Structures are given as C-alpha cells and as structure tokens.
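With the sequences and hints as input, model every part of the structure.
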Amino acid sequence: MSSGIAAEALDHVDFKRVFDALIRNLFLKNRDSDTDVTIDIESIRRATWLASLGSLGDESQKSIANAFGSLLYLYDPSNELYLKTCYILQSRSGNLVSSKHLNGLYKENQKLHNFGTTLDFELATHRFELGKDFDGKTIFFTHYQKSLWEKLESGVNIAVSAPTSSGKSFIIKKFIFDRIQKNKSKFFVYVVPSKALINQVSNELSKELKESALVLTTYRELECFDKNIVYVLTPERCMRLLQEQKDCSPLLVFFDEIQNIEDGTRGSVYENVIYRMTTSWKDSQFIMAGPYIENLHLSLREVIDIDLLEHKTLATPVLQLKTVLTVFKKSQSVKYKIITPTGSIVQGDYDIGKALYSKLSNSRGQALKYLTSVFHEDEQNIIFSPKKNMAEGWALSVANDDQDNHKVIDNEKIKNLCSFLESEIHPLYSLVRCIKKGVAFHHGGLLDVARLEI
Numbered sequence: 068m069s070s071g072i073a074a075e076a077l078d079h080v081d082f083k084r085v086f087d088a089l090i091r092n093l094f095l096k097n098r099d100s101d102t103d104v105t106i107d108i109e110s111i112r113r114a115t116w117l118a119s120l121g122s123l124g125d126e127s128q129k130s131i132a133n134a135f136g137s138l139l140y141l142y143d144p145s146n147e148l149y150l151k152t153c154y155i156l157q158s159r160s161g162n163l164v165s166s167k168h169l170n171g172l173y174k175e176n177q178k179l180h181n182f183g184t185t186l187d188f189e190l191a192t193h194r195f196e197l198g199k200d201f202d203g204k205t206i207f208f209t210h211y212q213k214s215l216w217e218k219l220e221s222g223v224n225i226a227v228s229a230p231t232s233s234g235k236s237f238i239i240k241k242f243i244f245d246r247i248q249k250n251k252s253k254f255f256v257y258v259v260p261s262k263a264l265i266n267q268v269s270n271e272l273s274k275e276l277k278e279s280a281l282v283l284t285t286y287r288e289l290e291c292f293d294k295n296i297v298y299v300l301t302p303e304r305c306m307r308l309l310q311e312q313k314d315c316s317p318l319l320v321f322f323d324e325i326q327n328i329e330d331g332t333r334g335s336v337y338e339n340v341i342y343r344m345t346t347s348w349k350d351s352q353f354i355m356a357g358p359y360i361e362n363l364h365l366s367l368r369e370v371i372d373i374d375l376l377e378h379k380t381l382a383t384p385v386l387q388l389k390t391v392l393t394v395f396k397k398s399q400s401v402k403y404k405i406i407t408p409t410g411s412i413v414q415g416d417y418d419i420g421k422a423l424y425s426k427l428s429n430s431r432g433q434a435l436k437y438l439t440s441v442f443h444e445d446e447q448n449i450i451f452s453p454k455k456n457m458a459e460g461w462a463l464s465v466a467n468d469d470q471d472n473h474k475v476i477d478n479e480k481i482k483n484l485c486s487f488l489e490s491e492i493h494p495l496y497s498l499v500r501c502i503k504k505g506v507a508f509h510h511g512g513l514l515d516v517a518r519l520e521i
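Residue numbers (our numbering): 68 to 521.
What the hints contain is simulated information worked out from the structure, not anything from laboratory work. From a predicted model like this one, the values you see are computed outputs, not experimental measurements. Just to be clear, a hint being listed does not mean it is correct.
Stated by the list, open to error - Below, computed lysine-lysine pairings styled on PhoX-like, alpha-carbon distance capped at 25 Å:
1. K404 / K349
2. K249 / K218
3. K218 / K204
4. K167 / K151
5. K455 / K504
6. K240 / K218
7. K404 / K389
8. K213 / K151
9. K213 / K240
10. K262 / K199
11. K294 / K253
Right, dumping it as structure tokens:
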C-alpha cells in the first residue's frame, strides 16, 4: 500500500479523535483520576479500520498504528477483542517485540486465541519472519532490527543512526555475542566514550560470554591465546592497541556513541583513532552507532576512507508521550499538555490535592518529591540532573522520610543490596538511605562497587 493512503487514514478526523481520547484516558487513569473517558464502540471500530490501513504505510505510520493498538489494549485490558486488535496491529507494524506484554495472548509460545484462518496464517508468517533463535530461545525483532541484523551478517561496514529506544544497541550486542561464540582465537574491539562505561560494558560482556572470551579493559601483550579476546577501551586507551596490533586486524570493531566525534575536547582523539584503525585494519568489519543523526555516514566519510553503509530510522517500538505540566499560585490543580505522535495536542486540568507552586519555587528537590507522588505508585520515574551533587540531593529529597513518605521497601534483593553497600562502603551511605525508600541515584562519580550494583 502507498504511504499516501496510510497517511490519509491516520490524518482522518475520526482516527485522531479516538487516538487523542485513548491518550487522555491513559494519562488520567495512571494519575488515579476519577475522570472517565468513554469512547463509543462504533468510533473505536472506525478508528481501528483506519489504524489497520496506517499499519501498512512507512515506518513512522506503522509506529502510530502500533501506538493505537497499545492504547486500545490499555483502555480495557480485559477486553478480548481489544487484545486481539492490538496484536494484529503490532504484527502488521512489525513490532512483535511489544506483544510479550499482552496478557493472555500466548503461553509458552503457544497461541491461546484463534483469529480465523486467513489472519492466523498472516500472523504466523510475521512471527516466522521476525523471529530468530538464540540458544534455543526465540527473540522477535522489529522490521528495523531485522534489517539491521541482515546487514550486519553480510559483513559490511555500517553506520547505525537511530533513537535509543529503537533497540539498535541490543541488536548490535547480540551480533557481537554471536560472532564471538562462532569464532575462536580472534580479537574484537569495543570502543566506549568514557571510562565510566568501561566497567559497565566489560562486566556485561563477561557475564554474557562466560568462557567464550577473555574481556580486557586495557591492552596487554599475550604471547598466545586459545580463546577470543575482547578489548573494551576508550579512544585514548586504543592508542597502545594500535601501536602493538597494527598489522593484526580484529574481526570486528564497534564504536558506541559515535556522535562524540563532535566533542570539542576529545573529538580530535576520536578522529585520530578511527582514521588509524580504518587505515591499518583493512580486513575488519566496522560498526559505528549513535542517536538519530541525518547523513551520519557522510559525516564519517570526511574522516575515514572506507565503504560505509548507513542504516537509520526515526521509528521506535516504544510509545513516547511528551507531557508539559504547569502549576499555578494557590491552586491545587495542574494543567497538562500532551503532544501526541499524530501531532495533536491533548490538554486539560486535574486536581492533585495540594498546592505545588511554592514547592517548585523554594526547593526543586522537594518539588520533584511532590511530582513523583503524582504518578502511580507502581510506575518508575527517571529524573535527569545537570550535576552529580544535584542527583544525590534530589534523590535524598524524594526519599526523605516524612508523614507523606514513610514506607520502606520490603524486598529481599533490596535488603541484600543495602547490606552489601553498608558493609563495603559505610553504614550511613546516602545511597543506602535512598534505596530503602525505592529511590536511587547514579552518576559517573559513584564508587565502582556502587555503580555496578545500581
């Protein structure tokens, strides 16, 4: 189907009306609001038909159709018809990854519902096309991830440009694991942008690879080795490796967060390392990944002289809603404005039962404490801080023990972690006080033993 027809379907007023109502319902329901959003069944049927047309369009249109399916399911998770509709739209959009969250659809990879002969065949075909076995376990790709995997397997040098939520890092790491396990006595290079990430990545690789490879975070000379070697290095630490292994090409080189080549202070180091690697290691496969950047491969070709294929997307299998909250003086209501994937704006007010303006003005940490209390207690929140000390201070404010927040997390894993940090660092360590209340902070300045656990 042409993307024009799909675009017309998703731009139709009947589709947008229901889509916006579903978003409003999700937002208010998760805020424990008493406001009911009711949508008549005929409107839902028509919007679903339009979403089905949209699911056959380009990747951005597929994302909207997929989001509609998820919103419809969340509108009434107990409705079997909505469950089936959501799965059909996810399947046609190439996003079977999200279907694992649909309760009552599959059990031990066996389908629990029939969709009719034609639809059963269509859905089974999609599962076959997007599924891949890893050690006896089937993992489902999105269309973008499937295409990326096929290009990686072809051995080409590739520049991957996509949002974090597209799953590009997951696919690239799976590919690296696969290559390591299928080879012996080879070496691989995994370049990370900062020293803070070296331990995180090396521990992740060691845990996954077990005895398949030796993971090193600095170069050291090995006279002979009977297993694969994986070097996890910053660009600065790559210099020694380049000096000693100039004539011996690794099987694969992966540059993560390649956008750091534009860094004003370290960009020249990145350029130097990439240029020397691509010049010296002609037989290696190079994979370079970063967030969505237009014409990433063309920018890299100004630095390196190798054939580089671009693989990019703006689509994501995750439903992301940008929400702006506005508070007013001496008011217990909050104005919300949600920017939807269709470009519409859903807005309104809801009562939070407390005046928030003074809190925002006087203490940002206390304001964040109130803001997180607005959300459903089972939800998780990530707050980004511009400075390390602010991250710790805000976390302590959110976790502060007072009349509104006295609950201590009763979880064996949390208890063990707190006990470990108390014995290894200090009984009064601020991170422990936060963790006991279900809050944590994380930054590059944390001690390794704490950062790895968090």
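Structure-based check of all given hints:
1. K404 / K349: With Cα atoms ~52 Å apart, K404 and K349 exceed 25 Å; violated.
2. K249 / K218: holds, 18 Å
3. K218 / K204: holds, 22 Å
4. K167 / K151: holds, 13 Å
5. K455 / K504: Roughly 20 Å separates the two Cα atoms, so the pair holds.
6. K240 / K218: holds, 14 Å
7. K404 / K389: holds, 8 Å
8. K213 / K151: With a Cα-Cα distance of about 24 Å, the restraint between K213 and K151 holds, given a limit of 25 Å.
9. K213 / K240: Answer holds: K213 to K240 is near 14 Å, not above 25 Å.
10. K262 / K199: violated, 34 Å
11. K294 / K253: Roughly 7 Å between the alpha carbons, so the hint for K294 and K253 holds.
In the structure shown, a violation is registered for the earlier hints numbered 1 and 10, in ascending order.
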